[in-house]
Amino acid sequence: MARPTPTAARGKQVILPLVGEGIVVARGGRKLLDDIDVEIDGHGLTTILGPNGAGKTLLLRVLAGLLTADRGRVLWAGRRLDRTRFPNLGFVFQKPILLRRSARANVRYALRAAGRSRAESRRRAARALAEAGLDHLSDAPARVLSGGEQRRLAIARALAVEPEVLFLDEPCANLDPASMAAVEGMIEQARTHGTRIVLVSHDIAQARRLSDEIAFLHRGRIVEHGTVHSFFTAPQSAAAEAFLAGRIPL
Amino acid sequence: MQDFSAAFGHALALLVALDPDLMEVVGLSLKVSLTAVLCAGAIGFPLGAALAVARFPGRNALVTLVNALMGLPPVVVGLLVYLSLSNAGPLGPLALLYTPTAMVIAQAILVIPIIAALTRQTIEDLRIEYDEQLRVMGVGPLHKVATLLWDGRYSLLTALLAGFGRAIAEVGAVLIVGGNINHVTRVMTTTIALETSKGNLALALGLGFILLAIAIGVNAVVMGLRATAVRSAYA
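As you go down the protein sequences, you meet chains A and B in turn.
By this note's numbering, the letter at position 131 of the first sequence is numbered 131, and the numbering carries on one by one without gaps.
By this note's numbering, the letter at position 19 of the second sequence is numbered 19, and the numbering carries on one by one without gaps.
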């Protein structure tokens, strides 16, 4: 089976503090991200919150180095992204991208890619699957798992390599309450273990439950960035106020 | 019609009796074509995958060329291999002309573009699906190619099958470089052509049946494997 050889020799790239300066992404003459300045550091969980079409996923992808901004720059630990070095991050897409392999092989693949030995990968994969409540499905093809199980597998795979930062794009979209609780439990646990988490959501209740800080995005601009308490008790912008009141911000 | 019936009956008798001449020709055909397909796969799979993954100036032209080479005329390939292997050719000292090895080379050249082109398409689709996930995992280009080939393996069986179909049914190139020498380079297709011209329809028909059976059998096995893989979500 094709497994990547260890990449640890390339060295891991430190990400925090993660800084975006003057980020602009435009498509068809329209600015989807408009001069965004953002800094993510320390511990905890930052939710990029906003209505549909605000540019949340786009911003997440730019910060994770998956997309290059048309203007501005992203700095990981004060440096521009170095693609020759191993990105010490996890990214869980809204629709998880799972390899055509078993659940266990998916996790082991990520571990091997991160430079872990075969024996360690085997051990860590078993532990990651157990923590995700998927140990009984270890040998099942990843793509036949349910939506909730796939989401948990994708998070378990991302967390298995102990990333410095975990990026989550709408991790609970279209999940039933039980699956959502299971996914949120994994996110809480990762935060407790010191993983810095950046999460994209439009779910106000979830943002309130999970976040330490909120970056509220509206029409491609961050209009508020502060603690979860200040955001929910005293929103500073009309757009955030409208969003929290369940109205479409103008 | 009577001749045809007699030939048909005679052909069946040869098959049932496992006629040694018939079996020798069948054996050599399978050996040459399977070896050619394996060699072509060893080159065509990585080449197709590299074309799917790499981005470089002239890539589109190269993809177009590989696609166009799927329709390579066998006699032209046979002629080029003949010229290369003949005494005056660059590979003349190897003394490979009129040997099964020459036939393998000719068939492999015909099959490589087929496997490479089909692999490129399959792997390109998979790359689009996997690309961002592999990037965030820090997987380098060579590992990416290996991963895509492994995860696309059931789909790639189709490429292998198409290549085998081309090789086993090919007559022009192997006739030129093999020479259709009895007990040395005589394969099913060249024997069918020869025996038909001699009026020995029984042997030609018998070989025709076997050729058809092999084609259908290989197709059935590969399709069965692929269906199993699809059912278990590995394809």
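Keep in mind that the hints are not guaranteed to be accurate.
Partner residues are not named here, just some residues of chain A that face chain B (Cβ under 8 Å, in silico) [said to hold, decoys possible]:
1. PHE91
2. LEU99
3. ARG100
4. ALA126
5. ALA130
6. LEU137
7. LEU175
8. ALA181
9. GLY185
10. VAL228
11. PHE232
12. ALA234
These aren't lab readings, by the way, just hints derived from the structure by calculation.
Where a beta carbon is used, it is the ideal one built from N, C-alpha and C, also for glycine.
Here is what the structure says about each hint:
no.: 1; hint: PHE91; verdict: holds (4 Å)
no.: 2; hint: LEU99; verdict: holds (6 Å)
no.: 3; hint: ARG100; verdict: holds (4 Å)
no.: 4; hint: ALA126; verdict: violated (19 Å)
no.: 5; hint: ALA130; verdict: violated (22 Å)
no.: 6; hint: LEU137; verdict: violated (13 Å)
no.: 7; hint: LEU175; verdict: violated (20 Å)
no.: 8; hint: ALA181; verdict: violated (25 Å)
no.: 9; hint: GLY185; verdict: violated (23 Å)
no.: 10; hint: VAL228; verdict: violated (27 Å)
no.: 11; hint: PHE232; verdict: violated (31 Å)
no.: 12; hint: ALA234; verdict: violated (36 Å)
Hint compliance for this structure: hints 4, 5, 6, 7, 8, 9, 10, 11 and 12 are not met, and every other hint is.
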